[in-house]
Amino acid sequence: MRHSISVLVENQFGVLARIAGLFSGRGFNIDSLSVGVTTDPSISRMTIVVRGDDRILEQVTKQLNKLINVVRVVDLTKEEHVGREMVLIKVTANQQDRAELLSITNIFRGKIVDVSQETYTIEITGDENKIVAIIKLLAPFGIREIARTGRVCMGRGGKSIKV
Amino acid sequence: MKRTGAQVLIEGLQKENVDVIFGFPGGAVIKIYDELFGSSIKHVLTRHEQGAIHAADGYARATGKTGVCLVTSGPGATNTVTGIATAYMDSVPVVVFTGQVPTPMIGNDAFQEADIVGITRPITKHNYLVKDVNELPRVIKEAFYIAGTGRPGPVVVDLPKDIMAAVTENPYPDQVTLKGYNPNYSGHLGQIKRMAVEIMQAKKPLLYTGGGIISSACHNELLELAELTQAPVTNTLMGLGGFPGTHPLFMGMLGMHGTWYANMAVTESDLIIAIGARFDDRVTGKITTFAPHAKIIHIDIDPSSISKNVKVDLPVVGDAKDILAKLITELKLLKAKNETAHTKDWLAQIKEWKQKYPLKYDQNSGKIKPQFVIEELHRLTKGEAIITTEVGQNQMWAAQFYGFNHPRSFLSSGGLGTMGYGFPAAIGAQIAHPDRIVIDVAGDGSFQMNMQELATVVQYRLPVKVAILNNYFWGMVRQWQELFFNRRYSFTCTHCAPDFVKLAEAFGAVGLRAEKPEEVASVIEQALNTDKPVVMDFRVDPEENVAPMVPAGGALKDMILV
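Going line by line, the protein sequences match chains A and B.
Its first residue numbered 1, the first sequence is counted upward by one per residue in the numbering used here.
Its first residue numbered 1, the second sequence is counted upward by one per residue in the numbering used here.
I should point out that these hints are in silico values taken from the structure, not numbers from a laboratory.
Note that the Cβ used here is the ideal one computed from N, Cα and C, for glycine as well.
Watch out, some of these pointers could steer you wrong.
[Stated by the list, open to error] Derived BS3-like pairs: lysine-lysine, alpha-carbon spacing no greater than 25 Å straight-line:
id: 1; chain 1: B; residue 1: Lys2; chain 2: A; residue 2: Lys66
id: 2; chain 1: A; residue 1: Lys159; chain 2: B; residue 2: Lys179
id: 3; chain 1: B; residue 1: Lys557; chain 2: B; residue 2: Lys344
id: 4; chain 1: B; residue 1: Lys286; chain 2: B; residue 2: Lys354
id: 5; chain 1: B; residue 1: Lys502; chain 2: A; residue 2: Lys66
id: 6; chain 1: A; residue 1: Lys111; chain 2: A; residue 2: Lys78
id: 7; chain 1: B; residue 1: Lys131; chain 2: B; residue 2: Lys141
id: 8; chain 1: B; residue 1: Lys332; chain 2: B; residue 2: Lys203
id: 9; chain 1: B; residue 1: Lys516; chain 2: B; residue 2: Lys382
id: 10; chain 1: A; residue 1: Lys62; chain 2: B; residue 2: Lys311
id: 11; chain 1: B; residue 1: Lys42; chain 2: B; residue 2: Lys286
id: 12; chain 1: B; residue 1: Lys354; chain 2: B; residue 2: Lys311
id: 13; chain 1: B; residue 1: Lys42; chain 2: B; residue 2: Lys502
id: 14; chain 1: B; residue 1: Lys532; chain 2: A; residue 2: Lys78
id: 15; chain 1: B; residue 1: Lys532; chain 2: B; residue 2: Lys516
id: 16; chain 1: B; residue 1: Lys351; chain 2: A; residue 2: Lys66
id: 17; chain 1: B; residue 1: Lys308; chain 2: B; residue 2: Lys286
id: 18; chain 1: B; residue 1: Lys295; chain 2: B; residue 2: Lys311
id: 19; chain 1: A; residue 1: Lys78; chain 2: B; residue 2: Lys308
id: 20; chain 1: A; residue 1: Lys66; chain 2: B; residue 2: Lys344
id: 21; chain 1: B; residue 1: Lys354; chain 2: B; residue 2: Lys344
id: 22; chain 1: B; residue 1: Lys203; chain 2: B; residue 2: Lys2
id: 23; chain 1: B; residue 1: Lys382; chain 2: B; residue 2: Lys179
id: 24; chain 1: A; residue 1: Lys78; chain 2: A; residue 2: Lys90
id: 25; chain 1: B; residue 1: Lys65; chain 2: A; residue 2: Lys162
id: 26; chain 1: B; residue 1: Lys295; chain 2: A; residue 2: Lys62
id: 27; chain 1: B; residue 1: Lys141; chain 2: A; residue 2: Lys66
id: 28; chain 1: B; residue 1: Lys532; chain 2: B; residue 2: Lys203
id: 29; chain 1: B; residue 1: Lys42; chain 2: A; residue 2: Lys62
id: 30; chain 1: B; residue 1: Lys179; chain 2: A; residue 2: Lys62
id: 31; chain 1: B; residue 1: Lys179; chain 2: B; residue 2: Lys15
[Said to hold, decoys possible] Facing chain B, from chain A, some residues (calculated, C-beta under 10 Å):
id: 32; residue: Gly21
id: 33; residue: Leu67
id: 34; residue: Ile107
Please work from the sequences and hints to get the whole structure.
What follows is the structure in structure tokens.
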């Protein structure tokens with residue numbers, strides 16, 4: 001099963017390498033990892049999507065907690081949460097296809113953020129199913145390049161993950 | 001007050017009550033060595049950085065204090081890697097200071113540059129590259145705090161050369177605040193109460209205890225617990241000395257080369273109480289057949305040890321000393337209501353097993369049996385020596401036959417299994433305990449991995465004794481080849497070993513040799529009667545095996561008596 005784990009880390013030199021090394025060294029499968037600073041500049045928040053059964057997830061959580069620079073670990077999969085990913089897709093945009101591409105983008109509540117003679121670059125945000133769906137729809141036009149952020153997650157409701 | 005980075009380092013060592021460090025100088029640490037020269041810190045110069053890190057580790061294991069090692073950048077740092085991994089696997093508190101090239105040159109493949117922080121990340125509890133001298137006082141304080149608290153472990157502090165010359169006014173802090181590190185020592189009382197009830201109800205309880213007993217210094221509590229509950233005790237290799245080897249409730253070591261009766265007890269037990277042990281594969285054998293009838297209680301300071309290999313029914317996270325003290329109180333409360341000795345039949349069964357299949361060897365072969373050498377060492381030191389070991393057959397025989405009665409008297413690389421560990425570790429132990437007998441039980445193979453340290457023991461007049469069980473083989477691998485590879489001794493016969501007597505003499509130490517069983521005692525006596533370092537070359541039966549044995553990946557109950 002896939003789990004989304006939120007990890008608060010001290011914003012220090014080498015912390016990403018520690019976490020990446022922990023996953024590779026212990027043979028945990030990582031699907032995606034995204035990281036950015038929080039409102040407290042000394043703390044960054046990572047969202048790690050990892051695959052494994054309950055026993056593996058227990059170890060992942062415990063091993064992450066064991067790292068000195070890791071401040072909090074929460075497996076959001078255990079509670080109601082929202083998960084979003086952003087993707088930039090550069091797709092071939094011939095004159096005759098442009099209207100249809102625009103309409104697909106609108107249906108998906110996306111944006112065209114760059115235009116050239118031959119291409120559109122489309123920005124889409126959503127859960128994984130939505131991203132997969134639009135990629136499938138755009139594929140026949142010719143996807144030239146794709147860049148995905150990996151999932152970021154947050155628990156629903158008033159609770160928040162703090163240091 | 002303004003001080004250079006090098007001065008801050010010396011100040012930090014003094015503030016952390018470090019009385020000795022083990023090291024080897026070099027270009028990147030030349031400023032530190034200049035500051036060290038004439039300071040109050042004793043420095044022991046080894047002949048190889050691996051010797052320095054193992055000596056710091058041996059010092060830490062022999063005392064419980066944090067061992068300190070200082071080496072230069074590049075090869076100096078990389079030579080400590082095996083020793084750092086050794087300390088990490090066995091949870092030994094060590095702080096390693098490595099030199100680094102000046103900060104502007106980092107990443108440029110400078111002379112003697114290695115990314116030691118990157119290299120040691122997976123084998124340290126934590127590590128630091130100091131890029132600003134103002135952070136240095138805090139980093140040194142944190143390094144010692146992290147190494148010595150919670151589940152202990154090695155910490156590396158990488159010190160660029162320019163940082164050692166730079167000046168700071170930041171004081172050495174009194175306290176540490178780490179957002180992400182706050183080890184929990186106090187055991188959960190509710191869990192401890194449940195544990196007490198389980199123990200009172202068990203008919204076949206078994207205490208399975210590891211290195212955590214030594215780290216938390218709870219050997220007295222363990223003894224009280226065992227006697228109170230009349231539960232037999234089996235130690236891991238790391239736990240040896242945590243329970244008196246001569247006690248009637250003691251069953252010796254369990255696992256691959258444990259006693260037959262300890263392994264049978266695990267297999268028959270209805271309640272395993274694991275304390276400071278981590279269900280290592282050398283202990284459990286085939287995991288699905290480990291303790292098939294038992295509920296498992298696990299006491300450990302490291303939450304990630306719990307249910308890592310074996311599913312635990314009742315975990316208690318915290319310091320074993322705190323938890324055992326609380327548990328004993330709870331048990332005494334329960335005992336008032338329940339006086340029957342639950343374990344009488346169980347102890348009778350174990351006694352019968354002990355008589356049926358004791359540890360033994362052929363005493364009438366006319367050859368020197370390695371087990372006999374260990375027994376003679378025990379007899380002539382009255383079991384009071386600090387024994388270090390190398391890795392392999394020598395290690396297992398020492399573990400099986402010496403009979404350890406005190407914690408911190410058996411120093412051995414358990415987790416990583418590092419050949420070449422024992423001799424430098426003996427240096428650390430001897431520095432820590434100048435008045436005690438320190439013996440490295442070695443094989444001819446593993447002694448050759450760090451024998452350059454003979455120069456160190458001679459230089460510092462350390463009376464370390466090395467007992468080489470010389471069989472001209474890499475014995476443990478040969479044993480596996482004999483048993484499982486049809487005696488195809490692929491590269492396990494050394495063919496050529498040095499004359500260890502002459503070798504010792506060349507370094508200025510004493511060399512002694514025994515070729516017959518009747519010479520063993522007199523060689524040991526001569527060695528113990530000199531205050532010089534001694535290498536004893538015991539020409540043992542070359543194809544003697546360590547027995548009994550659980551084949552790798554086999555079930556404990558299928559132990560072969562060999």
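* **Violated hints, by number in ascending order, as checked against the structure** => Per hint list: 1, 5, 6, 11, 12, 13, 14, 16, 20, 22, 23, 24, 25, 28, 29 and 34 violated.
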